[in-house]
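Take the given structure of chain A and dock chain B with the ligands to it, following the hints.
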Amino acid sequence: MDSLGFHRASSFEEAAGLLHSGAAVLAGGTDLVPLLKDGLVKPSLLVFIGDIPGAASISVTRRGGARIGAAAKLTDIANNPGVRRLFPALAEACRSVGTLQIRNVATLGGNLCQRPRCWYYRSGIACFKSGGESCPARDGLDEALAILGGGPCWAVHPSDPAVALLALDAKITIRRADGSVRETSLADFYCLPSDRLDRETRLDAGEIVERITVPARYAGSPQRYAKVTQRAAWDFALVSAAVVWEKRRFRPRIALGGVAPRPWLLDTARLSDPPVSRRGRDPTAWELWAIRTAEQALRGSRALSSNGYKIELAKNLIRRTLLEWRRV
Amino acid sequence: MKLSLKINGTAREFSVGAETTLLDLLREHCALTGAKRACDRGECGACTVLLDQKPVYACILPALYCEGRSVITIEGIAPPGKLHPVQRAFIESDALQCGYCTPGQILSAVALLQRHRRPSLEQISEAMSGNLCRCGAYPKILRAIRRLGSRQRRRRGA
Ligand SMILES: Cc1cc2nc3c(=O)[nH]c(=O)nc-3n(C[C@H](O)[C@H](O)[C@H](O)COP(=O)(O)OP(=O)(O)OC[C@H]3O[C@@H](n4cnc5c(N)ncnc54)[C@H](O)[C@@H]3O)c2cc1C
Ligand code: SF4
Ligand code: FES
Ligand code: FES
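Taken in order, these protein sequences are the chains called A and B. Sequential numbering from 1 applies to the first sequence in the numbering used here. Sequential numbering from 1001 applies to the second sequence in the numbering used here.
Just so you know, the hints here were simulated from the structure itself, not pulled from any lab data. Every residue, glycine too, gets a C-beta built ideally from N, C-alpha and C. Hints may contain errors.
Covered, in the sense of this in silico footprint (three residues per stretch, anywhere, with C-beta under 8 angstroms from a C-beta of chain A), are these stretches of chain B [as the list claims (entries may be wrong)]: (1) 1043–1054; (2) 1059–1066; (3) 1074–1086; (4) 1124–1130.
The shape of chain A in the complex, shown without the other chains (with noise of 0.2 angstroms):
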């Protein structure tokens, strides 16, 4: 580690040019850290985004939606009034995160990048994501691990603001090393270990994070992140839930986190319509909803030894939070 350099990028351009095989992205650290002391990555080269003018800016507006930079703090993010005012689930779903100590440090894109918190893995214990040939977790201690979408790695992705994110249908925007920009949906971002075991995102080497966009189209409507822990503080989720609805169609996104290798979205179209008429909401017609809704969200999921209890809590925190919207 003694030959770790560090360059302060001054631009997302200058910065993905630098970003050769052995460099690796720093922001925060508040995860990096902890992964270059255990050893479990060994780059050559930190390239620092955290000076790069305008990267933590965030610019929120009605008609025009968010606009936040990779290097944006949770903590100035759960802050953020416009955020607050219009995308409640996400203001939610950054304060949610750990402590305010890394709050203050960590940012929305090395949040959305950061890496799995299996135990085995971080331990340095050699599996799938280490570049083993097993899942020592699968069958031992399975009780964090994935009810959707795992195999051959189980590891549940950590992120809270992602759930959000995804539910608000969110847009990244990445800088290439040659200079270039795609932008990405953030469903498309993500990937599963069946597609690919040494990283979660369809970042291609080279490839950055410079800018997260929430489309204006969610701005203001109803929409909660909700997140069950086994402590109050400081601790991951067990199983969360991003609810956000469309204001023309009244239908809802639904996104759960803890749950499976990314955050999950919810198929909208194999969900039924909720029970709105003219005349309001019936409080009993829109109990059973949530029931059903929350029925048909956890279809196809799959519980391993240990880990059935997250099916019930997913299921119990998607009808709970429904059930705020009962009455108009």
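Same frame as chain A, but now just chain B with the ligands:
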């Protein structure tokens, strides 16, 4: 690599590597040992210091991140030989046992009381939940902060 920053109000210059954390810098290069190394991985709060007035974990922060910024450690919150009001409140409320978590607890409390003169219970728990205390002095830590909050209120005649 060259690094210039302010530590406890004094401009300093160092030459450090990319792997050096702010905690390494403070403890090994500056002989400021008030920030403690306990978990060394962002999971306990013993290394909490203020970076541009905000609490951060020094053990997972690269020192080079702090270029041009200002760091305050427990040694720097009051003039030599004097105690900061939060330190006094911790003593009066007996808000410590072994004391290992205390510098970090105090810095989190100092930052909280700068943001909110009269913090609510919710604001206190949000601000303080990033500092673990293995001795379980939480009730008295809470009492120290609440007393300070109400004292600040009285002083301002509210
Ligand atoms: C004690 C603790 C508790 C936590 N609890 C939670 C929690 O409850 N919920 C949650 O969501 N997270 C939690 N986290 C994770 C934390 O939110 C992340 O570590 C943090 O958001 C990462 O951001 P960073 O800026 O520090 O990234 P870094 O550590 O600098 O980077 C993280 C990774 O992303 C890459 N990267 C960074 N920025 C970019 C970019 N712009 N483009 C491409 N790649 C990039 C880096 O190379 C690295 O691999 C916790 C972390 C700790 C230590
Ligand atoms: S779940 Fe994934 S990260 Fe954990 S041991 Fe299995 S392969 Fe490794
Ligand atoms: S020593 Fe830094 S958080 Fe524990
Ligand atoms: S007083 Fe001992 S850890 Fe807090």
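Hint-by-hint comparison with the structure:
1. Here's how the segment 1043–1054 of chain B fares: 5 of its residues keep a CB closer than 8 angstroms to some CB of chain A, so the rule of at least three is met and the hint holds.
2. Under a criterion of three residues with beta carbons nearer than 8 angstroms to beta carbons of chain A, the stated coverage of the segment 1059–1066 of chain B is upheld, 5 such residues being counted.
3. Taking a C-beta to C-beta cut-off of 8 angstroms, the segment 1074–1086 of chain B contributes 0 residues in contact with chain A, too few for the three needed, and the coverage statement is violated.
4. Residues of the segment 1124–1130 of chain B with a Cβ under 8 angstroms from some Cβ of chain A number 5, which satisfies the need for three, so the listed coverage holds.
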